[in-house]
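Trainee: Residue numbering for the sequence shown follows our numbering, starting at 61 and increasing by one per position.
No wet-lab data here; the hints were simulated from the structure.
Being a predicted model, the structure only gives us computed values, none of them experimental.
Backbone N, C-alpha and C fix where the C-beta goes; we use that ideal spot for every residue, glycine too.
Hints may contain errors.
Derived Cβ-Cβ restraints for the label pairs, each shown as a range [said to hold, decoys possible]:
hint, residue 1, residue 2, range
1, 137, 261, 57 to 65 Å
2, 258, 230, 34 to 42 Å
3, 147, 116, 22 to 30 Å
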Amino acid sequence: MTDAPAPERREFRPSWPAFHRRMLVRLVWFAPLLVLTLLIATWPSLGAGVVALGSAMLLGGIGMLVYFARTRVVVEAGELRIRGPLRTRRWPVHAIGTLVMLPLPGTRDATLYGVSPALERMFALSAQTWEQETLTELVEAIGAPVVRAPAGLAAVDIKERFPGTIGWTTTHPWALVLLVVGGTVLATLVVSVVVAAVMIATGQVPLPTPAG
Numbered sequence: 061m062t063d064a065p066a067p068e069r070r071e072f073r074p075s076w077p078a079f080h081r082r083m084l085v086r087l088v089w090f091a092p093l094l095v096l097t098l099l100i101a102t103w104p105s106l107g108a109g110v111v112a113l114g115s116a117m118l119l120g121g122i123g124m125l126v127y128f129a130r131t132r133v134v135v136e137a138g139e140l141r142i143r144g145p146l147r148t149r150r151w152p153v154h155a156i157g158t159l160v161m162l163p164l165p166g167t168r169d170a171t172l173y174g175v176s177p178a179l180e181r182m183f184a185l186s187a188q189t190w191e192q193e194t195l196t197e198l199v200e201a202i203g204a205p206v207v208r209a210p211a212g213l214a215a216v217d218i219k220e221r222f223p224g225t226i227g228w229t230t231t232h233p234w235a236l237v238l239l240v241v242g243g244t245v246l247a248t249l250v251v252s253v254v255v256a257a258v259m260i261a262t263g264q265v266p267l268p269t270p271a272g
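Produce the complete structure using the sequences and hints provided.
Mentor: Encoded structure:
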C-alpha cells in the first residue's frame, strides 16, 4: 500500500514588469496633472511643492514595494489563499461560484474576479499588476467555472451582465479622479504647512516684526 501523493501547491505572484509597463502609459497624462495640481496648491512656495512631490513619490514607492513583496495567491489542498499587503483571505475552492475574466472599460487585458454563488464579489486580481498568462494559469488551478467577457463593454452593461464584479470606482471613474486629485491637494497642503512650520521654527524664514 502506497501513500497518496501530497496535493500540488501552486503559487502565483503579481508582475512588477507588467505594472511598470502599464503605469508608464498612465503617467503620460496623469503626471502633468499631478505636477500642475501640486504647483497650484503650494504656490508661491515652489520648494514646498518639490518636497511634497518627492514625499508622495517616496510613499508611493514604499507602498508598491510592500505590495509586490507580500502579495501572492496560493492554491493548495482545495483552498484558495490570497495574501495582500495587510491581510490573508481564504476560501474553499468549491465556495467560488464563477471566475470572470473581464476587461474593464477602456482596456484590453482582463481582470480576474471571483464571484460567489450569491453573486457577490469575493476577490479581484487587477490586470494592472498581473500578467494575463498568470491569471489564466490561476483559473486552471482553481478549477471553478469560468466566464470570459468580451472587451469594449460599458460599465452599465458589465453590471447588468456580470453582477458581482465591478464596483463604485469603475462605474464612477471621474469621481475617482476628483477624489485622487482632492486627496493629493489636501496632502500637499498638509505637507506645506509642516514644512513652513519647520522652516519658521529653525529660523530659516524670519517672522515679520512690527515697525516702530
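Trainee: For each hint, tell me whether it holds in the structure or not.
Mentor: To see whether the hints hold, each was checked on the structure:
1. 137 / 261: 57 to 65 Å: holds (58 Å)
2. 258 / 230: 34 to 42 Å: Given range 34 to 42 Å: holds, Cβ gap about 40 Å.
3. 147 / 116: 22 to 30 Å: holds (25 Å)
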